[in-house]
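S.K.: Line by line, the protein sequences give chains A and B. Take the first sequence: its letter number 23 is residue 23 in this note's numbering, and every next letter is one higher. Take the second sequence: its letter number 94 is residue 1094 in this note's numbering, and every next letter is one higher.
Bear in mind the hints are in silico, worked out from the structure with no lab data behind them. Be aware that a few hints might be false.
For lysine to aspartate or glutamate, the following DMTMM-like pairs were computed, each having C-alpha atoms within a straight-line distance of at most 20 Å [to be verified]:
#1 A:K52 - B:E1100
#2 A:K60 - A:D94
#3 A:K102 - B:E1100
#4 A:K102 - B:E1052
#5 A:K102 - B:E1059
#6 B:K1041 - A:E8
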Amino acid sequence: GNSVTQMEGPVTLSEEAFLTINCTYTATGYPSLFWYVQYPGEGLQLLLKATKADDKGSNKGFEATYRKETTSFHLEKGSVQVSDSAVYFCALSDGPTGTASKLTFGTGTRLQVTL
Amino acid sequence: GAVVSQHPSWVICKSGTSVKIECRSLDFQATTMFWYRQFPKQSLMLMATSNEGSKATYEQGVEKDKFLINHASLTLSTLTVTSAHPEDSSFYICSTGHNEKLFFGSGTQLSVL
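Using the sequences plus the hints, can you model the full thing?
M.R.: Have a look at this one:
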């Protein structure tokens, strides 16, 4: 079956530091890959996605590249801000990319950014 | 943007009682609702998929008589944890699709004493 493995947190960084959150996956076929973010007291929100190999998803300064050869989708940001403090979830879907479909999630990684 | 409202945010209950969790789609109709749960240090795991007007589909290993799902209207889906026990303590979250996007509730942290 499908599975997603992401690095355990919490990750604590100073403001303006470089962020990497690792994510690797196991899936049959060609899944779509996602990063979701959950800010305190809110629901998960889509941060970025990639639907095929070598695609790069980007949003709000965050980036992740779909690497089929290493089955990875690592999340990066060059300079984090305090407002980026949240829990980040890596996920995949082998359903249609444009419709409501089941997701397989990682465990989530809590990021804490300090001044 | 589209919002899914989930209540309560947290609940503490005694063992043996039932707890109802509600998810409402505030400005769109939710034909399908996905229910997930997350145990500490584990992934969000899909429990069941509910469809308005029909029976929910449960994932393997999830007891349908313990986790009752009702999706009687296009804007409301409920999950009732019946006769809750400490091992049911978990984070529960709902999700639904709209305009080719998935929207999530804010989650419910259930603690069973």
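S.K.: Hint by hint, say whether it matches the structure.
M.R.: We went through each hint and held it up to the structure:
The suggested pairing of K52 (chain A) with E1100 (chain B) holds, with an alpha-carbon distance near 17 Å, which does not exceed 20 Å. Restraint check for K60 (chain A) and D94 (chain A): the C-alpha separation of about 25 Å exceeds 20 Å, so the hint is violated. This hinted pair checks out: K102 (chain A) and E1100 (chain B) have alpha carbons roughly 13 Å apart, not beyond 20 Å. Only pairs whose Cα atoms come within 20 Å are accepted, and K102 (chain A) paired with E1052 (chain B) is accepted, the gap being roughly 17 Å.
For the hint pairing K102 (chain A) with E1059 (chain B), the CA-to-CA distance comes to about 11 Å; that is within 20 Å, so the pair holds. Distance restraint check for K1041 (chain B) and E8 (chain A): the Cα-Cα separation of roughly 8 Å lies within the 20 Å cut-off, and the hinted pair is therefore satisfied.
When held up to the earlier numbered hints, the structure conflicts with hint 2 and nothing else.
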